[in-house]
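Q: Sequence:
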Amino acid sequence: MVIRLLHTRDFTFHEFPNKQTPKVPPYAILSHTWGDDEVSYQSLQDIVREDKMQLVQSMSFSHGLSKIYHCCKQAAEDKYEFAWIDTCCINKLDSAELSDAINSMFRWYKESAVCYAYLADVPATDDFRVEGSAFYNSMWFKRGWTLQELLAPQNVEFYSKDWQNFTTKYDIPDVIADVTGIAEEVLTMPLLYGEGEKAFWRLQQEILKDTTDHTLFAWKGDGYTSGMFARSPADFVPAVDMTTHRRDLQNSASSLTNRVLQIELPLAPTPIPDVYTAVLNCYPWRSEGVDDFYPVALLLRRQFQGRNDFVRVQNNEMIDFRHLKTGSYLDQAAHIDPTYLYVKQVKPIEVTYNMRKVFFAMGRPYRENDISDSTKPYPLLCFSSQTVMGDALRCA
Numbered sequence: 001m002v003i004r005l006l007h008t009r010d011f012t013f014h015e016f017p018n019k020q021t022p023k024v025p026p027y028a029i030l031s032h033t034w035g036d037d038e039v040s041y042q043s044l045q046d047i048v049r050e051d052k053m054q055l056v057q058s059m060s061f062s063h064g065l066s067k068i069y070h071c072c073k074q075a076a077e078d079k080y081e082f083a084w085i086d087t088c089c090i091n092k093l094d095s096a097e098l099s100d101a102i103n104s105m106f107r108w109y110k111e112s113a114v115c116y117a118y119l120a121d122v123p124a125t126d127d128f129r130v131e132g133s134a135f136y137n138s139m140w141f142k143r144g145w146t147l148q149e150l151l152a153p154q155n156v157e158f159y160s161k162d163w164q165n166f167t168t169k170y171d172i173p174d175v176i177a178d179v180t181g182i183a184e185e186v187l188t189m190p191l192l193y194g195e196g197e198k199a200f201w202r203l204q205q206e207i208l209k210d211t212t213d214h215t216l217f218a219w220k221g222d223g224y225t226s227g228m229f230a231r232s233p234a235d236f237v238p239a240v241d242m243t244t245h246r247r248d249l250q251n252s253a254s255s256l257t258n259r260v261l262q263i264e265l266p267l268a269p270t271p272i273p274d275v276y277t278a279v280l281n282c283y284p285w286r287s288e289g290v291d292d293f294y295p296v297a298l299l300l301r302r303q304f305q306g307r308n309d310f311v312r313v314q315n316n317e318m319i320d321f322r323h324l325k326t327g328s329y330l331d332q333a334a335h336i337d338p339t340y341l342y343v344k345q346v347k348p349i350e351v352t353y354n355m356r357k358v359f360f361a362m363g364r365p366y367r368e369n370d371i372s373d374s375t376k377p378y379p380l381l382c383f384s385s386q387t388v389m390g391d392a393l394r395c396a
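So the sequence shown is numbered by UniProt numbering: it starts at 1 and just counts up by one.
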């Protein structure tokens, strides 16, 4: 996968190997909220091909063009020849390129020389240190991609809606921590050059130290065997709507030692030998009724008989009970005694199960695209209450 950069003076595109070598020049990168008139890769090429000055002349009529122009202008003033902007530097008509770009974004933001965080709803006169200010309430903090775009780059500069630089990430870690709930030490934690996936894994470790929120484990991967931590921020995209289910229940604290996560979760068997469902205390916010018990569960495989050592399997699957018609399982699932599990973080191993043995849909058969298409109801895992309560593991 190459990185496509935009020249900050003539608005032409240039491609470079996506490797950690001097061949990729220093570049600025933009973090922003999308609007209705963003400019695509193809559109910007057409504009530049016809007349480069049209970009400048048209920017007052297009917020999307204005962001491209001002980002490049600021980068040029900061002596950067190139910039990367997600709206126009990815050919979104190429599904393979789009997928690769999503998986590479954390690295691209981490390797940028500077990240311009453009807050379109914050005026330059805003008292950004005061709770209730436009900065505190900016939509930029409410978008899913903000986490990686705030943490991955070492140098993040904040710009107001009229492109005035008013602060940086390292100037106000206390304010950003107050707005986002991210600990200051995480905000200032260096991401070591060359770590690759290890950087994101280490970030999740740091988050685990300060929270018992199970949404940290609610993600979908590539279908391989893995541990409880995601490999990429892109793994959270299919589960971006997850929220804590029962806030009245205090999740037990988890611990991590030698790449093994110790966590306490309700565990129930499946028809596949040594494969279990581990129920998380979180659910998709689209579920109807805040008091309904519609949790999600992961598939875990026991590694050794008689021991509670597990790995996550089929990590592109996440069982969602929101459309279950009968209450027999749901009424009692919350009462399964939690089990102490030891889940090892392993390298990806492709192990495929016949999911038709696991998923018993109420009223319709399991379909392959139920999992990959997040707009459709998930498959349903249904057992009789006797099976669940009788075979649920309980450990001393």
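These aren't lab readings, by the way, just hints derived from the structure by calculation. Among the hints, erroneous ones may be present.
[Said to hold, decoys possible] In silico BS3-like cross-links for lysine-lysine, where the CA-CA straight-line distance does not exceed 25 Å:
| id | residue 1 | residue 2 |
| --- | --- | --- |
| 1 | Lys198 | Lys161 |
| 2 | Lys161 | Lys73 |
| 3 | Lys79 | Lys92 |
| 4 | Lys142 | Lys92 |
[As the list claims (entries may be wrong)] Pairwise CB distance ranges (calculated):
| id | residue 1 | residue 2 | range |
| --- | --- | --- | --- |
| 5 | Arg259 | Ser40 | 26 to 34 Å |
| 6 | Trp163 | His14 | 18 to 26 Å |
| 7 | Val2 | Pro271 | 40 to 48 Å |
| 8 | Thr243 | Ile102 | 35 to 43 Å |
| 9 | His7 | Pro273 | 52 to 60 Å |
| 10 | Ser252 | Ser43 | 49 to 57 Å |
| 11 | Asn103 | Arg143 | 14 to 22 Å |
| 12 | Pro273 | Asp37 | 30 to 38 Å |
Ideal Cβ positions, reconstructed from N, Cα and C, are used throughout, including at glycine.
Q: Would you mind marking each hint as holding or not holding in the structure?
A: Okay, the hints, checked on the actual structure:
1. Lys198 to Lys161: 35 Å, violated
2. Lys161 to Lys73: 15 Å, holds
3. Lys79 to Lys92: Status violated; Cα separation ~29 Å.
4. Lys142 to Lys92: Holds. Lys142 to Lys92 sits at ~23 Å (cutoff 25 Å).
5. Arg259 to Ser40: 26 to 34 Å: Check failed, 42 Å falls outside 26 to 34 Å.
6. Trp163 to His14: 18 to 26 Å: Taking Cβ atoms as reference, Trp163 and His14 lie about 24 Å apart, which means the hint holds.
7. Val2 to Pro271: 40 to 48 Å: Check passed, 45 Å falls within 40 to 48 Å.
8. Thr243 to Ile102: 35 to 43 Å: Cβ of Thr243 to Cβ of Ile102: about 23 Å, so the range 35 to 43 Å is violated.
9. His7 to Pro273: 52 to 60 Å: For His7 and Pro273 the Cβ distance comes to about 58 Å; the hint holds.
10. Ser252 to Ser43: 49 to 57 Å: 51 Å, holds
11. Asn103 to Arg143: 14 to 22 Å: The hinted range 14 to 22 Å holds for Asn103 and Arg143, with Cβ atoms some 19 Å apart.
12. Pro273 to Asp37: 30 to 38 Å: Violated, since Pro273 and Asp37 (Cβ atoms, about 55 Å apart) do not stay within the stated range.
Comparing the model with each numbered hint stated earlier shows that hints 1, 3, 5, 8, 12 do not hold.
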